[in-house]
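Student: Given next are the chains, with one letter for each unit.
Number of protein chains: 4
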Amino acid sequence: MTTNRTASTAQRTGVWFVGARGSVATTAVAGCAAVTAGLHPATGMVTETPPFAGTGLPPLSSLVFGGHDTASCPLPKRAEALTAAGVLPHGLPSALHAELAAADAEIRPGGPHPGDTRADDEIISAFAADITAFAQRTGVARTVVVNVSSTEAAPDPDDPRLPVSSLYAAAAVRAGCGYVNFTPSTGLRTPALTAAAAVAGLPHAGRDGKTGQTLLRSVLAPMFVQRALTVRAWSGTNLLGGGDGAALADPAAAAAKNAGKERVLADTLGAAPEGEVHIDDVPALGDWKTAWDHIAFDGFLGSRMILQTIWQGCDSALAAPLVLDLARLVARAHETGLTGPLPELGFYFKDPDGGPAALAEQFTELLSFADRLKETA
Amino acid sequence: MTTNRTASTAQRTGVWFVGARGSVATTAVAGCAAVTAGLHPATGMVTETPPFAGTGLPPLSSLVFGGHDTASCPLPKRAEALTAAGVLPHGLPSALHAELAAADAEIRPGGPHPGDTRADDEIISAFAADITAFAQRTGVARTVVVNVSSTEAAPDPDDPRLPVSSLYAAAAVRAGCGYVNFTPSTGLRTPALTAAAAVAGLPHAGRDGKTGQTLLRSVLAPMFVQRALTVRAWSGTNLLGGGDGAALADPAAAAAKNAGKERVLADTLGAAPEGEVHIDDVPALGDWKTAWDHIAFDGFLGSRMILQTIWQGCDSALAAPLVLDLARLVARAHETGLTGPLPELGFYFKDPDGGPAALAEQFTELLSFADRLKETA
Amino acid sequence: MTTNRTASTAQRTGVWFVGARGSVATTAVAGCAAVTAGLHPATGMVTETPPFAGTGLPPLSSLVFGGHDTASCPLPKRAEALTAAGVLPHGLPSALHAELAAADAEIRPGGPHPGDTRADDEIISAFAADITAFAQRTGVARTVVVNVSSTEAAPDPDDPRLPVSSLYAAAAVRAGCGYVNFTPSTGLRTPALTAAAAVAGLPHAGRDGKTGQTLLRSVLAPMFVQRALTVRAWSGTNLLGGGDGAALADPAAAAAKNAGKERVLADTLGAAPEGEVHIDDVPALGDWKTAWDHIAFDGFLGSRMILQTIWQGCDSALAAPLVLDLARLVARAHETGLTGPLPELGFYFKDPDGGPAALAEQFTELLSFADRLKETA
Amino acid sequence: MTTNRTASTAQRTGVWFVGARGSVATTAVAGCAAVTAGLHPATGMVTETPPFAGTGLPPLSSLVFGGHDTASCPLPKRAEALTAAGVLPHGLPSALHAELAAADAEIRPGGPHPGDTRADDEIISAFAADITAFAQRTGVARTVVVNVSSTEAAPDPDDPRLPVSSLYAAAAVRAGCGYVNFTPSTGLRTPALTAAAAVAGLPHAGRDGKTGQTLLRSVLAPMFVQRALTVRAWSGTNLLGGGDGAALADPAAAAAKNAGKERVLADTLGAAPEGEVHIDDVPALGDWKTAWDHIAFDGFLGSRMILQTIWQGCDSALAAPLVLDLARLVARAHETGLTGPLPELGFYFKDPDGGPAALAEQFTELLSFADRLKETA
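Protein sequences, first through last, are from chains A, B, C and D.
Under my numbering, the first residue of the first sequence carries the number 1, and numbering increases by one thereafter.
Under my numbering, the first residue of the second sequence carries the number 1001, and numbering increases by one thereafter.
Under my numbering, the first residue of the third sequence carries the number 2001, and numbering increases by one thereafter.
Under my numbering, the first residue of the fourth sequence carries the number 3001, and numbering increases by one thereafter.
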């Protein structure tokens, strides 16, 4: 483990969560504090492994959290709920009450609410003003906006209004912030917004964090290709409860999610194989996700073989360290003057801004990126 | 697919199987003929994929098969049995009767039989004479000896005699042949034999073909490392029948096999995690193998997660195309003057002669090797 | 094994399949002939086990097959296709060509075809005439009509026309035949048709053969109840190709199928737990079905536990022996004067005509039924 | 739920655990108190379901706990450890501190210690004196001795001394107590001890609680038989940590355990199928057990099918409610004058004292037993 974790200078970095009271943001805030306090190792944080020593990433102790959310349950209470659900360890919320309360004090109401009559531009300005006020109040050197809110439905191409996720992304650009989209929602992925980020000289990364089933697919699909085995069908079912399960019970949101899941197979295998992906809302499972994959493939002389995988993980615990990684990497990219999409961060995403689809190659790209950061450190 | 498959010159290459009447050798002989005849695609043969075009590998149609075996069942009959077992497609043995019979005519009795009083050197010479006679009779430019016989027990360090697999390996060296050890047996892995191969200027590759559970482990273990997730326990059970199942029901043979399986985890994860590996002989499964793996890992803040994999494959159908790959690659290495161990072929082995442990890196090495062969082609 | 299999008298029994060229019917015809000829044991046929000795069931050798189908591919050719798909053993279709051809000669075109302008009653009469002509031509003592055709969409309650499956069921009644509905389609399950069967004094059994996932559920769900463990969620995914996979890719047909699957849980557990059931068409799997079930249950003091099952079976091979069982049992019930629904056959169905939901209790009922048949034998 | 749970009279019943500081006993003591206090439902306790209302079982609130153990860690501390391991809910040990401390005060040192030179009879007397003193001190009407200690190695038939588990069983008989053996150890299963229990007029039940893999086998194996499907191989692997994992890492102890596991298959299927059972000590899993079963079976016409099950449960949470059930049932049997082995309790055991092997039939027997108890209530 490196010493990035300890702040070596007075400079601080803001992390502004869209969905700041969700499970992922709550786990990220609690986890950052827990690792900083030495209560837990930095398991799952790639930026705390040796290759990232000397890259000049903002230390964990320098991160200051805030964000938007439409929910009002305070973070310390959310953390207690996550403890009851088995996501956070017992005792952690009380041990970190100060840090959770501090972050909670920097959360502003999200929107727009149903019936909101403001024009998009007005809403964007209000969001940007919240972010700018946070930066001034906390004195951070720069802020990264990270979308960890619930997946929104795939946008209707005939709807003239921007999707909500894009209102927040536009606010990030307007406030001069780097941007990370950890969800499958649109965010900055519109020609106009991507162009605006480029003009503003802002780095950004997305889309849709790769935490479980797709992570596995991004290492297994290349294996079949490298071994010249023919994948005939790849089927999958995800069971999950929690807020994510409920959000993805909406077929339109599930469709947005599945597009990313299927991209890795099509990109790696050359064409999408047979098979569907289901996402079932199973409230009894809470924040724990089970993903079953069934892969039918052909071997030599047409022999029919099967691989099945069963992944049982806690989505928030898988996502939170990656979210912290990304906030640090994009903040550092911003500091070094990198702008536009960062395909070198494809390691983290189901639907990346270019780059290879296989995890091993994405990891190589990420290490090269770390090396480049070292040169400017 | 490349055109390597069609012989472009009159030059032919010998492939001498130790265990020539086993399932793997029978499938390799039948499969080579089937692909050459255009009856089946070259699924599972990496050397038939585009990166290997122009590498000067001996075409499949140029391969001439022979070998040693202690069993006497003729290859066409073995092929019929494999068809009944679902390994080879129906109709194939009769369609390829001529090719199977031709290979069968080049199989010589293996040994030593119980009670054989000959000294090791005498046995080696007899084996070498068989190989040399084969080469002269068939007029091949060179021959690669490939060990695909049953796993032998891990050798007793106090036993002064060479393991049988090493007698065959020594014969390969004496006959001036490249050598491939697709099994966990000792083969050329003794200091004296490795030195002899170096002196004789012969290339060789081994050990223990990576066809199923270990193949998976070599892609999954790096994923945990790259994502900074802590593997706590990795347990596995293999169920298989056929000759391999019976051979591995011997605990000493199973121990030899498991050493290779565990090496990939220790090499990749830094230390061997908790967990055992079982190999059960289940005659009802015939040549089909089921491997269940259970991986307990820790995520962020100590969250406990599980990945399970179930692999159902036909071992002979997985092994045969790799065996053909290796025979061609070592023959070509021999032709180009490469000598000694070929760590670039670690992609194929559980217990390779050095090189990286992760499949993705091994594949990169293999592609570099292909590029080097192209330069000399 | 009993001696029911050998015809002890000259009396013969007709089995008229609706869907006579489908996989299930083809496997049933081929399997009946194979067992009669002593080529295969009667694996999967409950009526050939010792408790059924002396029940007076029509011997397998006495069964005469015919049926309706809209497809025209002859049975011997269908059997060859099933052999290529791994459902029937190699060599069987040629060994049984005569029996398959004989059954094929008794297959009549099904209907109605699109654009058919005949009234329902006209169609019913035509079907009934086909069945009656078959009985006269073959001289069978009685005939059982067995629906093994593709699942039809759940009927629209506002549609005044009978579903096609009910046209066939009505024809069975009109022709004076016992009736078995092995599919989830409506068949005889309308008040009018059930009443008609009662008036005609005909026995019938249904609905929806229990061959895989639901079979498992009917033994596992009672276990949770008996052990006072609380099932919180029961989720399932089915992957299958073949005709059944394609038919069930229609959401309306899948809905009809799933209703039966869920009934066993609701009936056994007292209320339907959380969880969905998916049926995916995966053509690569052919007639082989994989069903994954994930059961989340609570133990003592709220401990959360999981059971998962993976069932890999061949649906036609599972269904065919049960279809032969049912044809024999209903024929014998008819002979002994039993009329109306036979809840004692709930052992065979997902959505039975009453009786217990747990397999063990259903088996006890079936054995009592066998005892009753013995008394009249 | 019945009202058995509330003590309706002043009469109290003793439960004396051999292994009183183990996970199962600790969970049973804590769970009994938690259910009595209304903190948790009686999930997993069959005796709290409606069929047991009116059977006169001692109410949960009337149970008084004590026992022997060689360990010295106090029960409240053991309960805290089980909470950290995820077996007991957070907060429960502190809420139930009084009840845990009360039971702890009634625990006496077990034995014999290594080097103990006392004769068997002397040890038995000392144990019996402990139990008698407990009964007098607490004023219980009667006491049931329940063996929940670690599995001991299968006894050497040439060893003249009694296994330790039998010393405790003999003490139970000498102290006039009913006896339950929830482990695979010998306990009362010697001709002399069984005879002594009969002479003393004491009821007893055993052996080896059926909590997970074998429970599943006892419902699945009958399914194959009832459906006339031929099981060819049944293989299993168990992964578990905790004390039980460590104890079963001893091959002799594992052999004792596996004998029971295999009995249910042999009894149900008529003969033991191919396949092995492994029990691996995986400390990382703590008290959570994963059991994978792989069942290869033949269907109609020799089709090869597979069922796999994965059971993830907490052994202590599965065992504890059954242990409470058994203590109550044997106490009530004692009260009503029943003596000798109670095959009606085979529902609870892998290796029962006779009776059917299928869970459904065992449940029927248990319900009949409940009815008999009602008659005398």
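Treat the hints with care, as some may be off.
[Said to hold, decoys possible] A few chain A positions that, by computed beta-carbon distances, are all more than 12 Å from chain B:
1) S61
2) G111
3) A129
[Claimed, not checked] DEER-style ranges, computed between Cβ atoms:
4) A:H97 / B:A1266: 52 to 60 Å
5) C:R2372 / D:A3053: 50 to 58 Å
6) C:A2259 / D:E3375: 55 to 63 Å
Hints were generated in silico from the structure; no laboratory data involved.
Glycine included, C-beta positions come from ideal geometry on N, C-alpha and C.
Student: It remains to establish, for every hint, whether it holds in the given structure.
Tutor: Results of checking the hints against the structure:
1. S61: Answer for S61 (chain A): holds, closest chain B Cβ roughly 17 Å.
2. G111: Answer for G111 (chain A): holds, closest chain B Cβ roughly 30 Å.
3. A129: holds (33 Å)
4. A:H97 / B:A1266: 52 to 60 Å: violated (42 Å)
5. C:R2372 / D:A3053: 50 to 58 Å: violated (34 Å)
6. C:A2259 / D:E3375: 55 to 63 Å: Violated: the Cβ-Cβ distance is about 43 Å, outside 55 to 63 Å.
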